[in-house]
Amino acid sequence: MTNKEYQQYVERKKPKPTYFKNTLSAFIVGGLICLLGQIIRNFLFRFGLDEKTVSTATSILLIFLGSFLTGLGIYDKIGKVGGAGAAVPITGFANSIVSPAMEFKREGFIFGVAARMFSIAGPVLVYGISSSIIVGILYLLLTRGG
Amino acid sequence: MAIKKIGKQTVKLQNPPSIIGTATIVGPKEGEGPLKDYFDIVLEDDMWGQESFEKAEAKIQEEAIKLAISNANLSTSDIDYLFSGDLLNQITSSSYTARQLEIPYFGLYGACSTMTESLSLGAMAIDGGFANYVVCATSSHFSSAERQFRFPLEYGAQRPLTSQWTVTGAGATVLSATGNGPYITYITTGKIKDYGITDANNMGSAMAPAAIDTITQHFQDTGYSPDDYDLIITGDLAAVGKKILLDLMGKKGYDLSKNYTDCGVKIFDGVEQDTHAGGSGCACAAVVFNGYIYKEMIKGNLNRVLLVATGALHSPISTLQGESIPGIAHAVTIDNSLN
Amino acid sequence: MEYIKAFIVGGLICVIGQILLDTTKLTPAHILVSFLVSGVVLGAIGLYEPIVKFGEAGATVPISGFGYSLSKGAIEGAKAKGIVGAFMGGLEAAAGGISAAIIFGYIMAIVSNPKTKN
Chain A
97 MTNKEYQQYV ERKKPKPTYF KNTLSAFIVG GLICLLGQII RNFLFRFGLD EKTVSTATSI
157 LLIFLGSFLT GLGIYDKIGK VGGAGAAVPI TGFANSIVSP AMEFKREGFI FGVAARMFSI
217 AGPVLVYGIS SSIIVGILYL LLTRGG
Chain B
-8 MAIKKIGKQT VKLQNPPSII GTATIVGPKE GEGPLKDYFD IVLEDDMWGQ ESFEKAEAKI
52 QEEAIKLAIS NANLSTSDID YLFSGDLLNQ ITSSSYTARQ LEIPYFGLYG ACSTMTESLS
112 LGAMAIDGGF ANYVVCATSS HFSSAERQFR FPLEYGAQRP LTSQWTVTGA GATVLSATGN
172 GPYITYITTG KIKDYGITDA NNMGSAMAPA AIDTITQHFQ DTGYSPDDYD LIITGDLAAV
232 GKKILLDLMG KKGYDLSKNY TDCGVKIFDG VEQDTHAGGS GCACAAVVFN GYIYKEMIKG
292 NLNRVLLVAT GALHSPISTL QGESIPGIAH AVTIDNSLN
Chain C
225 MEYIKAFIVG GLICVIGQIL LDTTKLTPAH ILVSFLVSGV VLGAIGLYEP IVKFGEAGAT
285 VPISGFGYSL SKGAIEGAKA KGIVGAFMGG LEAAAGGISA AIIFGYIMAI VSNPKTKN
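Protein chains in written order, with our numbering: chain A, 97 to 242; chain B, -8 to 330; chain C, 225 to 342.
Note that these hints are calculated values from the structure, not bench results. It cannot be assumed that every hint is accurate.
[Said to hold, decoys possible] Straight-line distance between alpha carbons at most 25 Å, and here's what the computed SDA-like set of lysine to any residue pairs gives:
| no. | chain 1 | residue 1 | chain 2 | residue 2 |
| --- | --- | --- | --- | --- |
| 1 | B | Lys(-5) | B | Asn327 |
| 2 | C | Lys249 | B | Arg150 |
| 3 | C | Lys249 | B | Phe142 |
| 4 | B | Lys(-4) | B | Pro217 |
| 5 | A | Lys173 | B | Lys(-4) |
| 6 | B | Lys27 | B | Gly261 |
| 7 | C | Lys305 | A | Tyr223 |
[What the hints assert, rightly or not] Stretches of chain A that chain B covers, calculated by requiring three or more beta carbons in the stretch to come under 8 Å of a beta carbon on chain B:
| no. | segment |
| --- | --- |
| 8 | 129 to 140 |
| 9 | 160 to 171 |
| 10 | 177 to 186 |
| 11 | 198 to 209 |
[To be verified] Partial pick of chain A residues on the chain B-facing surface, computed with a CB cut under 10 Å:
| no. | residue |
| --- | --- |
| 12 | Tyr102 |
| 13 | Gln103 |
| 14 | Leu145 |
| 15 | Glu147 |
| 16 | Thr149 |
| 17 | Thr152 |
| 18 | Ser195 |
| 19 | Ser215 |
| 20 | Ile216 |
In this text, a Cβ means the ideal position worked out from N, Cα and C, and glycines have one as well.
With these hints in hand, go ahead and build the complete structure from the sequences.
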């Protein structure tokens, strides 16, 4: 068998994911987390705060929730069931920062916790911030240059 | 002159060593699995009072080796060589264990094939007249492996159905130049086989070609066939790799359907324990062999076994660099009699 | 009413992620980064705004919403302070969330230990 033939053979032999169940679970878990975000938003608006503050405060509260559930050892169970429904919301971002922070505590607070904290979420910051800078610069070029 | 070499990759031992003592220590999850009554010690807590998973794994390996030596009615100073290895960077579990035991030590890296790699080298050391007593051991730990190869424990990623569960535990075998069996009679050393599988979550498929190659070569070198064995068992191909091996060996003309299984499939109840494809890790073959297989051989329920531990020789860095996963499989024949 | 919209929009965005996870070789990391950058790009060309107006939290809670707020912040920064503002704007908008993640991550690391999976 050639390498390619074996790889195709392996693809055929692989157990297929339970597509429907996974999709439904992702929909429900992701939807519920966003629903919770909406509840928090509406609640904060009652204090007469502006849009920007409410948005940021909602993010902070959801990040706290994701961090807390990770600390309690619950978020990984949510992720097991919800898949992308737990990874895509901002609570998943928190989980990806808190879980390595907790894990690498054994290697100390400088080289463990602090150094490894962004080992999973790092790309989110790098690509997010970099692409936003490019957007800002393009905006300037297109509005002032044009 | 290689007078004991037969065929291309096999050695027929002329002074087959006997297994005179074994020990197995496993974590709580393994202790709830189908083989739970075969293990010497089942831990209630996989940290075993230690500060880190790595230190716990070293302690598990150390205690397993000490227990095996004591089961053989020997003391550590009687042992000529220790052959051991594990999955962690720089095989620290084994080295820190060897530090405590003060036995002349050969550290090995065969990933999950370490059990048979160590049995192969240990048996050769005795057969060649280099040692009277040898200990062959290995260990793995779910949490220390996860944090090195995959993700932090609390990370919420979903595991695909092909993924395997690293066994927490250690197994040790004491080999002696004198004894009444079970004997190690043949050793077939594997070559690395890599068919380009890059998915580290599907290791069974990556390692199956190596197992197929070694087992086929073993039959060709020795002239034996599948029916000459009570049990042919691979280390950790698990459910997916096992299917592939049965299918492809069948296509080569070897029917293994009657007496072949895999340690990764036997150690966990895939459904009840949600371990997806099955167990993996160096300890998988080690505890299934030193616990279940050895005890069944002593009872006489199994008399001739071909143990083929399988290893995936990638690293976290090699997969990130786009390299595929090379596999290896080492086979040893364990026989209750010398006929 | 907006609760139902948030639930559905958020759920659907996650479903796209799940389908990508199950049918392609993409890993969670690939999906997070691509959703994030999609949010930045769609936000920049004005296509994410209507999704936010309709779905509110359903659009802002997923990581694409984080991308959207990054690009909105960068554009506002560019408007206000030119090129320096383009550099500052994105990170400024995300500052609250990032700071929260860092401090809560650190606190959780002090207070709790990872538990063995079973």
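A quick look at each hint next to the structure:
no.: 1; hint: B:Lys(-5) with B:Asn327; verdict: 20 Å, holds
no.: 2; hint: C:Lys249 with B:Arg150; verdict: 13 Å, holds
no.: 3; hint: C:Lys249 with B:Phe142; verdict: 18 Å, holds
no.: 4; hint: B:Lys(-4) with B:Pro217; verdict: 21 Å, holds
no.: 5; hint: A:Lys173 with B:Lys(-4); verdict: 53 Å, violated
no.: 6; hint: B:Lys27 with B:Gly261; verdict: 15 Å, holds
no.: 7; hint: C:Lys305 with A:Tyr223; verdict: 22 Å, holds
no.: 8; hint: 129 to 140; verdict: violated (count 0)
no.: 9; hint: 160 to 171; verdict: holds (count 4)
no.: 10; hint: 177 to 186; verdict: holds (count 4)
no.: 11; hint: 198 to 209; verdict: holds (count 4)
no.: 12; hint: Tyr102; verdict: 4 Å, holds
no.: 13; hint: Gln103; verdict: 6 Å, holds
no.: 14; hint: Leu145; verdict: 31 Å, violated
no.: 15; hint: Glu147; verdict: 30 Å, violated
no.: 16; hint: Thr149; verdict: 29 Å, violated
no.: 17; hint: Thr152; verdict: 24 Å, violated
no.: 18; hint: Ser195; verdict: 4 Å, holds
no.: 19; hint: Ser215; verdict: 8 Å, holds
no.: 20; hint: Ile216; verdict: 7 Å, holds
Checked against the numbered hints above, the structure violates hints 5, 8, 14, 15, 16, 17; every other hint is satisfied.
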